[in-house]
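Keeping the supplied structure of chain Y fixed, place chain G upon it in accordance with the hints.
Protein chains in written order, with the numbering used here: chain Y, 1 to 155; chain G, 156 to 408.
Since the hints were derived computationally from the structure, they do not count as laboratory data.
Just so it is clear, CB atoms sit at the ideal spot from N, CA and C, and this is done for glycine as well.
Mixed in with the good hints, there may be bad ones.
Stated by the list, open to error - Just a few of them, taken from the derived set where beta-carbon distance is under 8 Å, the chain Y residues facing chain G:
hint: 1; residue: I23
hint: 2; residue: D24
hint: 3; residue: V38
hint: 4; residue: N42
hint: 5; residue: G51
hint: 6; residue: S55
hint: 7; residue: L58
hint: 8; residue: S63
hint: 9; residue: A126
hint: 10; residue: R150
Claimed, not checked - Some chain G residues judged to face chain Y by a derived CB distance under 7 Å, without partners named:
hint: 11; residue: A323
hint: 12; residue: P327
hint: 13; residue: V337
hint: 14; residue: M340
hint: 15; residue: A344
hint: 16; residue: K348
hint: 17; residue: V351
hint: 18; residue: R352
hint: 19; residue: Q369
hint: 20; residue: E376
hint: 21; residue: F384
hint: 22; residue: I387
hint: 23; residue: R388
hint: 24; residue: L391
What the hints assert, rightly or not - Derived SDA-like pairs: lysine to any residue, alpha-carbon spacing no greater than 25 Å straight-line:
hint: 25; chain 1: Y; residue 1: K6; chain 2: G; residue 2: Q389
hint: 26; chain 1: Y; residue 1: K6; chain 2: G; residue 2: W210
hint: 27; chain 1: Y; residue 1: K6; chain 2: G; residue 2: L386
hint: 28; chain 1: Y; residue 1: K6; chain 2: G; residue 2: R325
hint: 29; chain 1: Y; residue 1: K6; chain 2: G; residue 2: V385
Listed below, chain by chain, are the residues.
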Amino acid sequence: MEGNRKATALTASLLGIGFMAAIDEIVFHQVLAWHHFVETDNSALALASDGLLHSLELIALVSGAAIMLRLHEVGRQARGYRGAGFLLGLGGFQLFDGIVDHKILGLHQVRYVDNLWLYDLGWNAAGLMLLMIGYALLRRAQRGEALSQRDTTTR
Amino acid sequence: MNGYVVVFLSLAVSYAWGAYRLSRHGIGWPRWRVISFCSAAVAVAMVLSPPLMAWGHHDFRGHMVMHLIVGMIAPIGLVMAAPVTLALKNMPAKWGRAWVNLVSTVPIRFLAHPVTAAILNVGGMAALYLTDLYAMMLRSPIFASLLHWHFVIAGCLFTWAIAGPDPAPRRPSLGLRFGVLVASMAAHATVAKWMVRFHLPTALPPGMVEHGAQLMFYAGEIPEALLAFVLIRQWLRRADGRRSYVSSPVASG
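For reference, chain G alone in the conformation it holds in the complex:
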């Protein structure tokens, strides 16, 4: 047991409890969201539990698998399950107003802007692998722990800024969010290629870097593709609402 396990297991339990409370009052909540949130939270708890952390500490492939789950795959499961909406439905209306006021403040809007979120997310990763921060992380357990929190939070922030279902007033346009997503995908792929070409992080033997970077490159596409698919679906649905020629009734199948 450690801090991550306690935090993420309690998040999973609270989410399930919130959905159960709603259903007891006759309010529906999609079951897939409960499954998505709870499995993502349990996955983070498992990956950041002491035995798997030890694997990631001495094997770069292990580190990369953890990075992919914690920073890219789990955030999609957590954010797409709309945890804030569920929480607000379980609370008095004044909390909803408080949330809207909070996300309308300038610092939060700046932080949750797709560009800021992408810089925190991909920039943090580039800084870790392309500089000596990786060696520093291997030496300092406190820094390593802060880094894991950074990956989870930045991953969630990015997913929410790009395509999150939770309420946020005055979101940037879908076009901008799409552009930021493509740019971060390209940056992710480029960092992986640079790691192999320039043998970074230097603290690792070259063969290990190659394996880890290829894992990052190919497996990292799965969550990226998923996020892109969700965003494009939102875009098309909105476009259909505006343009009548696409959504006009169909005469024959």
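Looking at chain Y on its own, in the form it has when it is part of the complex:
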């Protein structure tokens, strides 16, 4: 049975985006409190863009879950593309957050300390690494060599 590769990879990356955004909020905002709900010098517009981004993250998680559930119901999930898409989503969001949110929009920084560049480097390098692993997995799935593609009798 052929799964829908493109739909599976895209849906999994939607889930990855939403998942990484949730990790960012839970770990860095709430547990570590490195940066805050609102920084005191935020402009009204920056906060509105933050609100929009936040809603899009939630929508990514919810629609990813709904579409993945649907693909499962109709038996169209493509093996090997779920993990690859998920990691691409995780890394893509991490890098986007590190470059657009932190540097271009200036919503907040990773941590308010000296040597911020070290934190930025760590943040973006982690995102890049996740992206690279996701890409490698995607290539492997395209070659038909993903672990989940080896045994065709189980799912």
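What follows is chain G alone, placed relative to chain Y:
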């Protein structure tokens, strides 16, 4: 006891009675809908009963919990239980035609349009927290009471306009409804952030605003996510009906 308690408890009893009447005539009605409607109506009655109202009056967190239940969570339980469909099944057919005629009229279609409903819902909330209306509500019990009705009705109108199961002819497209939902989610999150940044409502001490706004931001996501999930499921099901390649029979599990 007050007006809300009487109204919402009678709504719960009528709904349960309507479902019971149908089952006595051998017509099935999903049990989850009865549970959903009755628990939502009881929740509104409880939250708007005098002791909890007093809590919300002097504690902003209390106010916010009430706002979330009355304006966002309970409307989903009420509207998704399809109360109009249940009522019409219990009535002669001419009432069904009367309902269709009513919701086809221009004023109702305007009012129940997703954009209007979203403006009434999120706009009402923004007006309350970002202006001096909040202080006015603390001073005037009559205004406060009108405001609670506004939150319940606007919440139900919004839920129905976005993803309500009750019959409505000529609904706007799913794409438009999805867009309106995302825009109102963003507006909700933005209002919460603005409240913290600009210390609004001014009638409150800053620490309290922060707690209330964070509650609004994080807890408000649960009903929003639920509504989005329901809408996307409707969308996917409709898309499957049109595109044969997704719904084609599956050879192996």
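Status of each hint after checking the structure:
no., hint, in the structure
1, I23, "15 Å, violated"
2, D24, "14 Å, violated"
3, V38, "5 Å, holds"
4, N42, "6 Å, holds"
5, G51, "3 Å, holds"
6, S55, "4 Å, holds"
7, L58, "6 Å, holds"
8, S63, "5 Å, holds"
9, A126, "25 Å, violated"
10, R150, "16 Å, violated"
11, A323, "23 Å, violated"
12, P327, "19 Å, violated"
13, V337, "6 Å, holds"
14, M340, "4 Å, holds"
15, A344, "4 Å, holds"
16, K348, "4 Å, holds"
17, V351, "5 Å, holds"
18, R352, "5 Å, holds"
19, Q369, "6 Å, holds"
20, E376, "6 Å, holds"
21, F384, "5 Å, holds"
22, I387, "4 Å, holds"
23, R388, "6 Å, holds"
24, L391, "5 Å, holds"
25, Y/K6 - G/Q389, "22 Å, holds"
26, Y/K6 - G/W210, "52 Å, violated"
27, Y/K6 - G/L386, "23 Å, holds"
28, Y/K6 - G/R325, "34 Å, violated"
29, Y/K6 - G/V385, "24 Å, holds"
Consistency with the previously given hints fails for numbers 1, 2, 9, 10, 11, 12, 26, 28, ordered from lowest to highest.
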